[in-house]
Amino acid sequence: MIKKRIAVYIGYIALLTLLFFIPLITSEPYVFHILCLIGINIIFACSLNTILNIGELNLGHAAFMGIGAYASVLLVMRLSFCFWSALPIAMIASAIISLPIGFLTLRFRGAYFLLFTFLFAELVRMLLSNFWIGLFGGIPGLTNIPRPSINITGLLNINFSSNIHFYYLILILVVFTVLIMHRIDLSRLGMVFKAISQSESLAESIGISSMKFKILGCAIGCFFAGMAGSLYAHFVGIITPTDFSIHAVLAPIAYVVVGGMGNVFGPVIGTCFLMIVSHFFLRQFGLYELLMYGVIIVIIIRFMPEGLISLPRIVSFLLSKPPKRGED
Amino acid sequence: MELSLLLQGGLNGVMLGLNYALIALGLSLIFGIMGIVNFAHGEMYMLGGYVTYYLFGLFGLNYFATLIAAVIMVGFLGVLLEKIIFRPLTTRPKEALTSLIAAVGLAWVFQMLAVICFGDLDKDVPSVFKGIINMGGVVITAERLAAIIIGIGLVVVLNIFLLRTKVGKAIRAVAQDKEAAALQGVHVSRISALSFGIGCGLAAAAGALMAPIFVINPFLGGEVILKAFLVVILGGMGSIPGAMLGGLVLGFIESFGCLFFNVPTVSVLTFTLIIIILIVRPQGLLGHD
Amino acid sequence: MLEVKNMTKRFGGLIAVHTLDFEINEGEILGLIGPNGAGKTTVFNMITGTFRPTHGEIVFFSKKIDRLKPNKIAELGAVRTFQLTNLFGEMTAIQNVILGTHQKSGIRLWGSLFKTHSTRIKETNSEEEARDILEFMGLTEQQETFARNLPHGQQRRLEVSIALAAKPKLLLLDEPLQGMSHEEVKDMVGRIAKIRQKGKTILLVEHNMRAVTSICDRVIVLNFGEKIAEGSPQEVMQNPEVIEAYLGVEE
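Which chain is which? The protein sequence lines are D, S and G, in order. Heads up: the first sequence is residues 152 to 479, going by the working numbering. Heads up: the second sequence is residues 97 to 385, going by the working numbering. Heads up: the third sequence is residues -17 to 233, going by the working numbering.
Treat the hints with caution; some may be incorrect.
[Said to hold, decoys possible] Distance ranges between label pairs, derived from CB positions: (1) G/E110 - D/I240: 39 to 49 Å; (2) G/H37 - S/D273: 22 to 32 Å; (3) D/I164 - S/K179: 30 to 40 Å; (4) S/D273 - D/I465: 28 to 38 Å; (5) G/T36 - S/T186: 31 to 41 Å; (6) G/F(-7) - S/L99: 40 to 50 Å; (7) G/N131 - S/D273: 26 to 36 Å; (8) D/L337 - S/G215: 51 to 61 Å; (9) D/I157 - G/F(-7): 57 to 67 Å; (10) D/I173 - S/T186: 36 to 46 Å; (11) D/L337 - G/R113: 17 to 27 Å.
[As the list claims (entries may be wrong)] Listed next, the in silico SDA-like pairs over lysine to any residue satisfying Cα-Cα at most 20 Å (straight line): (12) S/K219 - S/G318; (13) S/K265 - S/N255; (14) D/K345 - D/F416; (15) D/K363 - S/I375; (16) D/K345 - G/F96; (17) S/K226 - S/I236; (18) S/K226 - S/A238; (19) S/K190 - G/N68; (20) G/K54 - D/R258; (21) D/K345 - G/G71; (22) G/K86 - D/E351; (23) D/K363 - G/E109; (24) D/K363 - G/R130; (25) D/K363 - G/E57; (26) G/K51 - D/F259; (27) G/K97 - D/V329; (28) G/K86 - G/L66; (29) D/K345 - G/S87; (30) S/K190 - G/M73; (31) D/K345 - G/R130; (32) S/K226 - S/N255; (33) S/K190 - G/L66; (34) D/K345 - G/K86; (35) G/K54 - D/E351; (36) D/K363 - G/K54; (37) G/K180 - G/G9; (38) G/K45 - G/E5; (39) G/K45 - G/K149; (40) G/K176 - G/F206.
For the record, the hints were derived by calculation from the structure and aren't laboratory data. Given the structure is predicted, the values throughout are model-derived calculations rather than measurements. All residues carry an ideal CB built from backbone N, CA and C; glycine is no exception.
So that you can see chain D by itself, here it is in the shape it has in the complex:
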């Protein structure tokens, strides 16, 4: 067991080192543009996974990414905050706003919750598009969002307008996110989340308040969605309300499903796999990216519902001897 653990740790460190040194292989800004987008999507997919793990599908999750994005941009551009304080504030804002929404909507189950979140997402999109246009920029949204920078005179001066620099920022934050998610997964809290998703009635019967934990799980998810939103805004430089609509959450749902839902690394793998594949397709087939997404989702959900992350298990199962009776 310990041997396996060490091997896994070495694997992680090797992977991280590899990622760290990518700039030595190439310095094409386009490559890093894609890598940054993948990173942002990984964070968002992980946050979505948290909510899926409580057993609910939140179609409005992108709206919380939007809240983080708009909050961060407004803090930086209207109130002259620096990015480094705007980011955590935006994340906290997103989490706090999710509390009353969660309280209202999580009392519904399954399909009703789904539709309610659908409504919420559309409502947010409409509010952002049509009201307080002076503040939110209406349908065209907000533009000219500055890249962050670090300016400590005499010590450090980094301007993140270079994609390579931004890449490192995102790499650090992705690792941070995955680490925290993993931590939660292994902790008692993660255990309670899983329990609630497997049998809410049983959890309640032993004193666990499912509402409390669902709201907490939702808040955690929205906390990181806010991070993804803020990073996205300051990376791409433009945000519009449709960036955070229901349609924006559909692709990340695909990433999580394809990668594997129960596991922290599922969304990571799913995002990387689908985004990379789609970029190759994009180069060859243009707008048929959506078609490919659709086909892959349907095939995976039909034949491999636990996602790509179950691939090693399936392969080893197929290669091993038939199991004894009574075993898994």
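Since chain D is already given, all that's left is putting chains S and G on it; use the hints.
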């Protein structure tokens, strides 16, 4: 406010509402029987429109025959989808989630296939009924009036089917209690497939009815699905009369609202209203559970 | 310990339970029996907070519990098992029982994230408690097996283990012997007796009459939502109304 303007608004509301109701009926039916939230429902509407474009618009087939053809073709597609994709998912855990995701994937697939096969430009379907009818200051095109009448006819047929025929009763039985129905000898899987087909067929009918009135393009589905969900939430998931009521209510709110406010405000008001209704009565106006 | 006063439950036009009165005394095993559809599980559901009584009240240790949510009632010490197997299927047996201990374990959430020293101690305690309970219920060998892979009889035992982990004062068992073989029934009945010896009070819904007569101190019989008899198992079994209620019902 002139009476004729109000009446016009009312008439528009009926047409709009009926359109929404037809689409929502299928969605509600599918959810009521199988618990599946069919995200691809809008695409069935879109396909109904395209069938009309090709059979009626290009090949000149009789409009009513085209309507029936659209319902049957898309309905058959629905049956296939249920058998191949959705049925196997029912035996696995987290069925609500996986079927939703599968439906989302299918929606994309159909949208893109439509773009590939039909091109992404708007297409016009020629009018079936020409002329304008003027009823004392209230104006409506013959086309829209026909759509209303045929739409009502379809709903009546559906109701007779569900209430009087053996198959219809079987469907209602499965919607109420799957196990009890199975114990009574109902072939649940066949009914599920049939219901899915009927649901999709209804959406296609709505698409066929609206095709001569509005333009068609591959992206109609995405626009329509939102309205359909609103109607179904409002009326109550799985409730057929709820879908009717919800559709009409939504149609009226939109149509009258647009007399007084601009479109975005109407939308926000509609949503807020629906959210309030849901908080007070979460199962919708006519829903159970 | 528990008092049910004038409890009525109506579902639309159907009256499932009608003006039911009874008491559970500390330390006893009270049996609740009756033909199928008599309302036994509805009574359970009302005591444990899944349903609210249409009329009447339920008092637990002098506290009114009829309007409380299920998790609050469990906190107060009334824990139930379910008629249909209800487990955390994707987790191991010991994880299931550890979850049972969670509510009373005093583990704070932030502690569990940062694995503070006190949290680690509490988690170890939880694990030990869980092991003890599994041993008590004879499931030590199955600790690391996933709950969904356990055979039916062991699953039922696991369900009771989870309930025990929540340190109940009143344990409500809903047909725990359902689907068990003769051997398993004997085993389970013995364990239930031992649970009472540990100081727990038990409300038992069961169809297995031999089991009921062997361990219940008192029995209440329901039919069509009404109490038709109450007393010792022997008295009740000879009650003509009770016999009539069961006529035609297979055992």
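Practice prompt. Take a look at whether the Cβ-Cβ distance between S/D273 and D/I465 falls inside 28 to 38 Å.
Written response: holds (37 Å)
Worksheet item: Per the hint of 31 to 41 Å, is the separation of the Cβ atoms of G/T36 and S/T186 within bounds?
Response: For G/T36 and S/T186 the Cβ distance comes to about 35 Å; the hint holds.
Worksheet item: Does the structure keep G/K97 and D/V329 at a Cα separation of 20 Å or less?
Response: holds (17 Å)
Discussion item. Verify the CB-CB distance for D/L337 and S/G215 against the hinted window 51 to 61 Å.
Written reply: Given a distance of about 52 Å, which is inside 51 to 61 Å, the answer is holds.
Item to complete: Compare the distance between the alpha carbons of D/K363 and S/I375 with 20 Å, and conclude whether the hinted pair is satisfied.
Response: holds (19 Å)
Worksheet entry | Pair hint outcome, G/K86 versus G/L66 [Cα-Cα no greater than 20 Å] | Given that 20 Å is the threshold and the Cα spacing comes to 25 Å, the pair is violated.
Discussion item. Run the distance test for D/K345 versus G/G71: straight-line Cα separation, threshold 20 Å.
Written reply: Measuring from Cα to Cα gives roughly 10 Å; hence the hint holds.
Discussion item. Holds or violated: D/K345 and G/K86, Cα atoms, limit 20 Å.
Written reply: Status holds; Cα separation ~19 Å.
Discussion item. Checking one constraint from the list: CA of D/K363 to CA of G/R130, max 20 Å. Satisfied?
Written reply: It is violated: about 27 Å lies between the C-alpha atoms, which goes past 20 Å.
Fill in: Restraint status (C-alpha distance of S/K219 to S/G318 at most 20 Å)
Holds, at roughly 17 Å.
Practice prompt. With a cut-off of 20 Å on the C-alpha distance, tell me whether G/K180 and G/G9 pass.
Written response: holds (9 Å)
Item to complete: Below or equal to 20 Å on CA atoms is what counts here, so check G/K176 against G/F206.
Response: Between G/K176 and G/F206 the Cα gap is close to 33 Å, so the pair fails against 20 Å, i.e. violated.
The structure is inconsistent with the numbered hints 3, 23, 24, 28, 32, 40, although it conforms to all the rest.
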